[in-house]
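When you get a sec, could you build the whole thing from the sequences and use the hints?
In this note's numbering, the protein residues as written are 1 to 764.
There may be inaccurate statements among the hints.
[Unchecked claim] As a list, the in silico DSS-like pairs of lysine-lysine whose alpha-carbon atoms are at most 30 Å apart:
1) Lys457 to Lys438
2) Lys361 to Lys438
3) Lys379 to Lys361
Read the hints as simulated data drawn from the structure, not as lab findings.
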Amino acid sequence: MFSMPRYASVFRNFLVSYIVILIIPSIAGYMSYQTSISVTESISIENSVTQLQKSKELLERRIAEVEGFTRQLAIHNDLNLLMNEPPAKDKQNVFGIWRMMRDLTTFGQTNDFLRHFFIYLRNYDVVLTPGSAYFRPEHYYENYRYEDLSLADWKRTVLAATHQNEMMPLRPFVTPNGRTSAITYMQSLPLDSFGDTSPAVVVVIIDQKSILGLLSGITDVNGGWVHIVDAQGRTISRQGDSDEIADALANDPRFDGSRASQFYRDELVVTIRSSKNGWVYHAGIPRAALMENANQIKWISWTVIGGALALGLLIGLALAYRNSAPIHRLLTAFGQETHADRNAYDFLHGNIAEMISNNGKLETELRRQRPLVRDAFFKRLIAGEFRTREEIVAAAVQSNAGLSGSSGYAAILQIDGYAGMDSVDILNELHAARLVLKQSLHEMAGSVPMTDLGSDKLVALFVSEESGEGSYEQAQIDGMLGRLAESLFREYKISMRAAASARFSSVTDISHAYAQAKQTMEHAAATGSETVSWYGEMKLDSVTYYYPLDVEMRLIGTLRAGEIGEARRIVEWLAEQNTVVRTLSAEMKHQLALEMKGTLLKLLDQKMFTESESIEPIKNRIVAIHPGETIESLHEEIMAIMEALCGLVASKKNDQHVQLVERLKALVAEQYANANLSLYSLAEQVGRPEKYISQLVKEVTGKNLSDYLERIRIDQAALLLKANGHTIDDIAARVGYNSSHSFRRAFKRVTGVSPSAYRQAAEA
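The following block contains the structure:
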């Protein structure tokens, strides 16, 4: 592919420039990547610190609620009465204890830290819990106890001692429901108890699960660990594999406990100290979890950069070859091997400058020959060499012909008075006369398209829009050509005769109009008619009928398309040509009828008609056409048969249209929940243009496709609103809306009420 040994330097120059262009954004991308990694890492660390800080604040609020609970008990009237009653042997205030026990049941309903607590009344030696009273502490101990405390130790350290906001660290605890771990908050009552004993003790046992629930955001999401210790270094709570790492943190001098965050053993350790109770919160997050987003960015960045570099290098090679190959071919074409001592670009510069100069000369020559190109276009146009209107328009633009409309008249202008054209002098005179004729017509009518027709004739096309200002009329052209003939004879002694066609309504009919003008000119020359003759004003006797092959092909194509209006126009025109313009003999009428019958029989061989079950009656009518009938009856019968054929085409089209619309409806019913469903996507699925299916749905259903889709979505939304099992946002997403706002607007526009009002009305 890169076989250019003599011009390899050109290829290398291109390749190096592309590589340099590729490296510059790669460097910028790498710097952006490094910045993104650094920012992502710092954001992840900041989020971790913030998350632990929020967990600490939440835990402190819960502990403060427990403290507030003990202060409420300290001012409770019933509890104060029980605490201050003197002890009586074998006599207890059962009613007061029952009332206090009943009041305790309401305290633990709003805070999961108060699910398990009790009050110990020393004067009655009773333990009060929400819903129960143990008149012997031993009974309570049988159900709820610390695994590492005996009954005696429990009574001594918990019930008998005085406590001031005292927190017992994490210990194994046994309940009737199983084993767990808990911390214990203890407060003596009244609050100013400072002796060895106090009248009552409030003990709140906080299950470690309640604490861990506040820290789950760190451990569950990141897979890390949390370890909380009090001011004495005793464990308050732990979650995850924190025991080993906690011991290592306490004994490793490299770990700086004053820093909020640092990496230790490939983990980010976040440390927060509480200013309220001196607790220290340690949270460990694995580096892999912390850097998950950063690693994803890293992987994507390296993949994209690597792929972009590889792709860019391949594109650079391809572009270098593509851009150097033309230069190589130019150098070869210019023969640089004979000037090997010259620089390739200097060599090309000199040669291209010469090419530009030659190109200027060529443009000048093309401008000089443009009239010849335009003349050739008009000759092809009147000869009927173009097949379609689009082809005519494209050729007119290419030749700068200046056809300013699609309707008008064709006219042949002939210079009279020259019997023979076999001498140079006569031909020179005719040439001069044609120039005078063209100039005079141009001065009188403006830019009229015209072309020479032999030595003594020219064809002029009076073309304009169908109607409106500037359109040509027969009387206007007749007067203009008459004045032109008078002017030529008066000033130059040139005699002129003109023959004009009937009006044509399409540029594709210009060749027919020219044929009419030619026929009129021949008739005028034979009969010695006036200076200006018109096709519609002459009566031709003809030995044959008018039914050219191109007209037959156009009629067949029109009937296949089901265009009955255009088919009628063609048949009416043929009838005019063979009855009004021509006088046919009975034999010619017979032959014309057979030709028309043959045209209809040719149509029956088309696939769209052979597959139709309703074609047989129409076929029988065509076969039954009798050439001996009058022209009028034949005309009526042919018109009726054409209407029947076009009806079959229209019916088949309607069936296809209905099937397509039903398919579109099915697609809408299946995919209405897709927010990206649109006219474009539906058109792609059925393989039809967007404008076509939009108009088709409108014709068949009477609704726009977008309105139909919206109606389906709103109907489904109404069913979901009645079910009352989904939110408005959820329903909007389920029925294909990108936002609940757009759904609400659409629902109110269609139903007249908002979704919430519709739901309320359905529930009423």
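Here is what the structure says about each hint:
With a C-alpha separation of about 11 Å, the suggested pairing of lysine 457 with lysine 438 holds against the 30 Å cut-off. Distance check on the hinted pair: lysine 361 and lysine 438 sit about 29 Å apart at the alpha-carbon level, within 30 Å; holds. The straight-line distance between the Cα atoms of lysine 379 and lysine 361 is roughly 28 Å, inside the 30 Å bound, and the hint therefore holds.
When the structure is compared with the earlier hints, no violation turns up for any of them.
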